[in-house]
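2 protein chains.
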Amino acid sequence: MRRYLLIAMMLAAALALSSLAAAAEPLPSWNEGQAKRAIVDFVQRVTTTGGADFVPVPERIAVFDNDGTLWAEKPMYVQLAFALDRVKALAPEHPEWQDQQPFKAALEGDLKTVAAGGEHALLELVMATHAGMTTDAFAQVVEDWLATAKHPRFNRPYTELVYQPMLELLAYLRSNDFKTFIVSGGGIEFMRPWAEAVYGIPPEQVVGSSIQTKFEMRDGEPVLVRLPMIDFIDDKEGKPVGIHAHIGRRPIAAFGNSDGDLQMLQWTTAGEGLRFALLVHHTDAKREFAYDKGATSALNEAEMKGWTVVDMKRDWKVIYPSAK
Amino acid sequence: MRRYLLIAMMLAAALALSSLAAAAEPLPSWNEGQAKRAIVDFVQRVTTTGGADFVPVPERIAVFDNDGTLWAEKPMYVQLAFALDRVKALAPEHPEWQDQQPFKAALEGDLKTVAAGGEHALLELVMATHAGMTTDAFAQVVEDWLATAKHPRFNRPYTELVYQPMLELLAYLRSNDFKTFIVSGGGIEFMRPWAEAVYGIPPEQVVGSSIQTKFEMRDGEPVLVRLPMIDFIDDKEGKPVGIHAHIGRRPIAAFGNSDGDLQMLQWTTAGEGLRFALLVHHTDAKREFAYDKGATSALNEAEMKGWTVVDMKRDWKVIYPSAK
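If you read the protein sequences in the order shown, they are chains A and B. The opening residue of the first sequence carries number 1 in our numbering; numbering runs sequentially from there. The opening residue of the second sequence carries number 1 in our numbering; numbering runs sequentially from there.
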């Protein structure tokens, strides 16, 4: 009996010291201000045992959009840059693409014509570059591409253009026993190969758009083949649907940056008890990009409902991690 | 510096003692024999740091079928019993069901006629009883039903007819840092309301069949409405697809009991490194049920590939937890 007591005391002491260390300076890249205060206040309230706003550990679910919330989405979505590079890489096997839109425009780097083709053209590019191989093969293609591709303006790998303050926020939440999820309009299979190394978010906590896959036996070995058919679009009204399908309970905190995140923030904040919603507002043309386009409804609702809005220029000491 | 060393030593001592305690008798309801030895051997090998078969913690994913693997599936799937009871409960609002199959047969308890209607009849029953309400409302209906429904033979709540040896196996794996998932042909929303309390498996680790849901605003409040349309069937070839969609990496251990689990076991064991596959064989007519129907292909492949087969009668000291 005394031995168990001793172990319990050791554990309690060790845990108390380790959480003291974590609490010392949880968000070093955040300037003091309303946004940082709101985050810390929320976390303290939901983790204070016996407090009115206490949330048990299993319900501490936090969801993060990816493009524009955790990493840069300008001048174009990273996944679109990937698709365009893949069209070029695959072009020798597809001589017909030289005269066929949207492939011709993609090969010529003529983004205006690609964009003019609308959703249908984008879908064609995605299917031609994301389907027709096994899931393992696709993950490898993504990893290989990310290992060499660089952002056209910052000339750094895309996985280094993640927001340092958001990395700290993810770590801060996890040190307070939150489970952190990505809920992105981007492809689930495009994010999973690197999300664990870059964000500390394992594949099973990544939610995104998907194409269909099919189980097959090839030479006696089971494979999953990616089919050129949309399975699910995890954007706008789709985000609460994706959250429910994958997580099965309502998050208590949601982080986004655009109108595509609005329904996710509505769904999260409509739950009972204390909830937290945050929008990253891109205000820093010098260090990153400045734009409101595609975010005006979300920003309006944030103001109306008192959601936290991060002003990148004002609130973040640095944008990206130091170069390695 | 010395303080950190002391903490590290305390933690190491506490952890060593606690894992000793857990290792002492991890599977008390399992008889000594090949099945228990195979489980313990696998777990020891993948958790031995520096060993040839060591698996890092994040990759310790174990998947469990539910019906017939974690709880009883005879004389009928629990979810079918639920659907039939719901037809009775909803009948007053549907006078047309008195003359309309498969509802007429369901109301009369004429399972033979329901079964004769095949998949189409079952689908009609499922849609009439599982769709048309919000996700929150459906979860409540499931909880309310489970609180009063009883198994026709054992006269106990269904959630008490889970297999005690499998509860111990789930706990044993988790104490060795496995993440345990359900991957069931049953409805994902039918399992999530109780899986955490009964199995210790949180909603985000439950994979199952699903119908479509839709995000809507009702009186300014966001809701998710369940639609009478199949979204995904998580059975047979669907199980590896469901695993990939939800978990995003290949499990290292899979547990099932029927042909519906065959592809999940194939997919799991085809991965690199040490893998584990187990089938629960229903051999105990006295304490549970004895049947091979629907499991013959899986049992054949288990024999061919040397997968572990549990003989319920021989390997399990008890089947169900003690009555509360």
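Misleading hints may appear alongside valid ones.
Identical copies carry no separate label here, and so any pair may be met within one copy or between two of them.
List time: in silico DSS-like cross-link candidates among lysine-lysine, alpha-carbon distance up to 27 Å [to be verified]:
no., residue 1, residue 2
1, 293, 88
2, 214, 179
3, 214, 104
4, 214, 305
5, 286, 36
6, 179, 286
It should be emphasised that the hints constitute simulated quantities derived from the structure, not laboratory data.
### Query
Any of the earlier hints contradicted here, and which numbers?
1, 3 and 6
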